[in-house]
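Novice: Next come the chains, spelled out residue by residue.
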Amino acid sequence: MRIGGQKSPYFIFILPSLIILSAIIVFPFVFNLYLSFQKWDIRFRGATPEFIGITNYLKAFSDTRFFNSLSKTLYMLSLAVPLEFFFGLLLALLFYEPFKGRRLLSLFILFPLALSDAVVGLVWGLVLVPTYGPVDYFMRILGLWDLLGFKKPISLVTTYPMEMIIMADIWQWTPFFYIVLLAGLASLPREIIEAAEIDGAARFNVVRYIMMPMLKQVIGVTLIIRITDIFKTFGLPYVMTKGGPGFASEVASLYIFNQALQFLNVTYAATLTIILIAAITIVINVFIRGYRLKF
Amino acid sequence: MKNLTFSNFIKFLVITISVIFFLYPLYWMATMAFKPETDWASFPPKLIPNPASLDNFYKGLFTMGGLQGIFDSFIIAGSNMVLSLMIGGLAGYGLSRYRGGRNIAFFILSQRFAPPIVFTLAFFAMFSLMGLLDTHISVIIAHLTFNIPFAVWLMKSFFDGIPKDLEESAMVDGCSPAGAFLRVVLPVSLPGIIATAVMLFMFSWNEFLIQLFLTRSAVKPLPTLIPRFYGGHDILYGVVCAVALFAAIPPIVIVAIFHKYLVRGLTMGYVKG
Amino acid sequence: MGFGRRFSRREAIGTAAKVAAGVVIAGVVGGVAGYYAGATTAVPTVKTETKTVTAAAQTITTTVREVSTKTVTAGVPPTGPVTITLACDAGHNYLPWFDPKEAPEGGHYGQNQAPKIKEVLGIDIVGEEVDPGTEFSIYMADLTGPGKYNIIVYFPTYNGDILGGGWAVPLDEYIKKYRINLDDLPPVYRYLYCSWGGKTYALPYDGDFHALYYRKDVFANSDIRKKFKDKYGRDLEPPKTYDEYLQVAEFFTGWDWDGDGEVEYGTVEDFKDLTWGIFFDRFASLGGLWFDEEMNPLVPNDAAVKALEDLVKITDYMPPGFLEFGALEVFDSMTKGITAMTLTWPDVGPRAGSGEFPVKGDQVGTALVPGYIVGGKLLRYSWTGVGRVMIITVHTPEEKREAAFRVLKWMWDTSVYWVPSGLNGEDPFAYSHTSPGALSHWKKANPAWSEEGILDYMRAAAENFAHGYPDLYLPGAAQYTDLLSRYIMMAVRKEISPKDAISRTVEEWRRVTKDLGEEKQKTLWRQQIVEYKRAGIWPK
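Sequence order for the protein chains is H, D and X. With the first letter of the first sequence counted as 1, position 141 gets the number 141 in the numbering used here; the numbers rise by one all the way through. With the first letter of the second sequence counted as 1, position 135 gets the number 135 in the numbering used here; the numbers rise by one all the way through. With the first letter of the third sequence counted as 1, position 56 gets the number 56 in the numbering used here; the numbers rise by one all the way through.
This is chain H alone, in the form it adopts within the complex (with noise of 0.2 Å):
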């Protein structure tokens, strides 16, 4: 097989993947471009699909609810990607050393990877709902209440919905990266870690200029999936706020549910859904860019 001119038997290996993905992903990609610049009604019998160019786009560029639901999936962005990261690693590298119990422990770590979105709302909402929930029951016990400054107890969930949605996503995701560049570490050759030790490197900058570098592919990768997938996240807010009170939670995503689903306005939540591609696209390619990731 050549490509530009070179030949690689390497191209083999990726045509299946080229294949199925254009099969599937094409068909919707489309419909949902469109979509976008149409007009279609179809909550009415027999209602047919009107093209009105732009509109949907113009109408978009001044819904200042969108432009908040952006921000607050920016503002998750910010908070989320980066705690979960250093989290992950941390515990990554903590757990790089045998030490008693660590398989077990480990687990441990790794169980909320195996709850779905919803299910995390849910139980998170559980453990945060005031008077019933364990924090507010140890918050009052401790004093903590007073200790922030409160004068009664408050409901976190809806004091702070947006903080409350990032702890209990940094719950769910740290084992995500946990898992990864524990996966990285083990594929480090040994012998260059040892080497340094021996040469009495201190573990910080081991860590640091030899670990570190040869773990950047994996975690650029882990930082773009997990970026596209705030972009994306539902499940979460979903259940524990439903974007509310108000606004205050509404992430881009359930903005675009609600347009596509609850309204029906299809189209209009089509041409959403290309925008936020769009700043997504934007996001990574600077993230790639800045990050110097090597294809």
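To be clear, the hints were calculated from the coordinates, so they are not data collected in a lab. If you're wondering where the values come from, they're calculated on a predicted model, not measured in any experiment. Don't be surprised by glycine CBs; every beta carbon is placed ideally from N, CA and C. Do not rely on the hints blindly, as some may be mistaken.
Covered by chain X, per the in silico footprint, the following chain D stretches (three or more residues, Cβ under 8 Å) [what the hints assert, rightly or not]:
| hint | segment |
| --- | --- |
| 1 | 85-95 |
| 2 | 133-146 |
Not the full set, but computed from the structure, chain X residues with beta-carbon under 7 Å of chain D [said to hold, decoys possible]:
| hint | residue |
| --- | --- |
| 3 | Ala90 |
| 4 | Glu128 |
| 5 | Glu129 |
| 6 | Asp131 |
| 7 | Gly145 |
| 8 | Pro146 |
| 9 | Gly147 |
| 10 | Gly326 |
| 11 | Gly361 |
| 12 | Leu378 |
Here are the computed distance ranges between Cβ atoms for each label pair [unchecked claim]:
| hint | chain 1 | residue 1 | chain 2 | residue 2 | range |
| --- | --- | --- | --- | --- | --- |
| 13 | D | Phe106 | H | Pro82 | 22 to 30 Å |
| 14 | X | Ile496 | H | Pro98 | 52 to 60 Å |
| 15 | H | Ala279 | D | Leu47 | 57 to 65 Å |
| 16 | H | Phe86 | D | Thr38 | 40 to 48 Å |
| 17 | H | Asn205 | X | Pro320 | 48 to 56 Å |
| 18 | H | Ala195 | D | Arg183 | 43 to 51 Å |
| 19 | X | Val530 | H | Gly53 | 35 to 43 Å |
| 20 | X | Lys520 | H | Phe51 | 17 to 25 Å |
| 21 | D | Tyr24 | H | Ala279 | 29 to 37 Å |
Given chain H, put chains D and X in place with the hints provided.
Specialist: Frame of chain H; chains D and X shown alone:
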């Protein structure tokens, strides 16, 4: 010596706090699962279910379709994991070794940028026309949209970390590229494969929106069952927790199995040369 | 003054209607029994006895039929074997169709009707449980696509999209053929939820309305009564106006009035899921409208502001964390003795009646929701927002339509198998459900409740849904109510003033109307106004 003990202590502290942080909500979920309905909202909250009851499990699993849900989800996630791993892993390797695959790589990655809503209605229409609604296969195929890109990219990054001289020396010895891949690279990248496989399974297992629209009654993956417990006015917290707890078992078993190899990989590392 | 005159006439008509209803029902039941008796297709053992029940100063003679075998007269012969596909929201409301754990007696009485329908009518129901959060899009996806469902059960707020969109089959001919008595339904169902453009398209399935519950035992306690009278100069009674409601709530907040060592609160309402509903109880009782004839939203605006202000005020007397209380926690606040009152769905009565909670049976009293005095007359409306209605979809082939109708009819018909009674997943929505004739069913479903308690509840239920005010059901209703709920929440949390909340809502509503097509919305709304007027709800 003193330094070692202090840093060990810090290490111990961090690990303990982390484990508590990760376990506690699950513990609460477990207590909910064993509490009878009158105790779901008790004040003060009961840290240990007393009286404990298996009612929620019975209700959730047997009368509300929990068992079927676990079974269906397992088929979907398991099949999808195997498919995505094979197809995506191969592509990841190809892209890792193929210079000039930059655009293709980005194209594949960008598939993951699309929010599930893009696929939800389109797949509903598509599979409905093909008469494939309410089948496992439609969901398995639908999940390939995000799992293949993930597998490609993650495996690619692991393969990137394995120097090419490994295969080159094998090929010098007379191996074909495919053979070098199978015999030399694959074993070394086992931890990465395992981590990827675990995540692929998880992503498919937990996906909500697409499954909701593609399935009705014949196939009822777990996330689509959860809303059943929100019926009308009441939220059956205890039942949801019971089902979720039980449903966490297959993924955890998978994690546990793979984890063993992961840790083994950790202790062995790999030896160059 | 317009309100005043209209209301006093309406009040009189209301009472007369109740008496008339009692008489009519007796007549209907007797007539129906005769009709059925005349067309027997099986040989059952049916015990027929005539009981005279005295309830609330009405003496009604009814014919109560106790069926002691499986086969029974079905009147019109059963349709041949037919399969009907049905979609209903999951959980609690699905149980009346299918309940694998159905109990012959006790709390789950009356559920699992599908197998009985199959046996008696020969109709095989294939049911699908649908997630209530996304049910709207799932139904629309099916309606605009494969068209698999023959019957769908949904919240009336989607009427605008489903009925207005032309997806339902008109039922008038079947109603005539099967002699359905539409007068059995309260105005909010009869004219508003079930009809569109003058034709009937839907039948009710579950009648959610708001009622006021209060601790009867606490209100009757002489020490507490004295304390109240000393403080406010009037007797302690279930409040009739929202000002009285505020006062009573204030009175009961912050001290331990039931002697259990815990501080209690005045009242609690369901903010989490249906925020706009509790606002609307108040707004409607002030004479407020969703839109006026010119599509001006929330008219009169200052009434909307007042309603919201009152809603914000009452939150001072609610238990901590109330903003996160779902319906379950709201009900539990009563049945666990945390609040003295609550304004919420019909379930509280039967829940107390089940005896499974600390507060039981007759300790909970039910009353008509409070209102406001407008133009010298007391106006009280109960928001009936979350009931369900059922339709036959246009995709149902001609041959199956009649069979589908018989299924719809069954779920209303209380003469034979069951009655909606709160604990079995359904709430009553017809006068026949709450007339003394249905008493035996209620007793079977609520074993821990005294007869008097049940009758009191039935009476209050009938009163509340007779005063029912409909939810908004224009096309795109979800969009309007979503905005309203969010701004209400912000006002309740004191992030913005009620005035700001209302003015922003009004502004956004105008924008939504424009997006959806102002002329089209106006036309559809005006069609509905006709029905509002027929129901006697439209002011002036």
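Novice: Hint by hint, say whether it matches the structure.
Specialist: Results of checking the hints against the structure:
1. 85-95: violated (count 0)
2. 133-146: violated (count 1)
3. Ala90: 4 Å, holds
4. Glu128: Holds. Min distance 5 Å.
5. Glu129: Where the cut-off is 7 Å and the nearest Cβ of chain D is about 6 Å from Glu129 (chain X), the hint holds.
6. Asp131: For Asp131 (chain X), the interface hint holds, since the closest Cβ of chain D sits about 3 Å away, which is under 7 Å.
7. Gly145: 5 Å, holds
8. Pro146: Given a least distance of 5 Å, the restraint on Pro146 (chain X) holds.
9. Gly147: Interface hint status for Gly147 (chain X): violated (10 Å vs cutoff 7 Å).
10. Gly326: Check passed: Cβ of Gly326 (chain X) comes within 6 Å of chain D, closer than 7 Å.
11. Gly361: 16 Å, violated
12. Leu378: Violated, about 29 Å.
13. D:Phe106 to H:Pro82: 22 to 30 Å: 24 Å, holds
14. X:Ile496 to H:Pro98: 52 to 60 Å: 57 Å, holds
15. H:Ala279 to D:Leu47: 57 to 65 Å: 44 Å, violated
16. H:Phe86 to D:Thr38: 40 to 48 Å: Cβ of Phe86 (chain H) to Cβ of Thr38 (chain D): about 43 Å, so the range 40 to 48 Å holds.
17. H:Asn205 to X:Pro320: 48 to 56 Å: 51 Å, holds
18. H:Ala195 to D:Arg183: 43 to 51 Å: Roughly 28 Å apart at Cβ, these two residues miss the hinted range, so it is violated.
19. X:Val530 to H:Gly53: 35 to 43 Å: This hint holds: roughly 38 Å between Cβ atoms.
20. X:Lys520 to H:Phe51: 17 to 25 Å: Given range 17 to 25 Å: holds, Cβ gap about 19 Å.
21. D:Tyr24 to H:Ala279: 29 to 37 Å: 35 Å, holds
Comparing the model with each earlier hint shows violations of hints 1, 2, 9, 11, 12, 15, 18; every other hint is respected.
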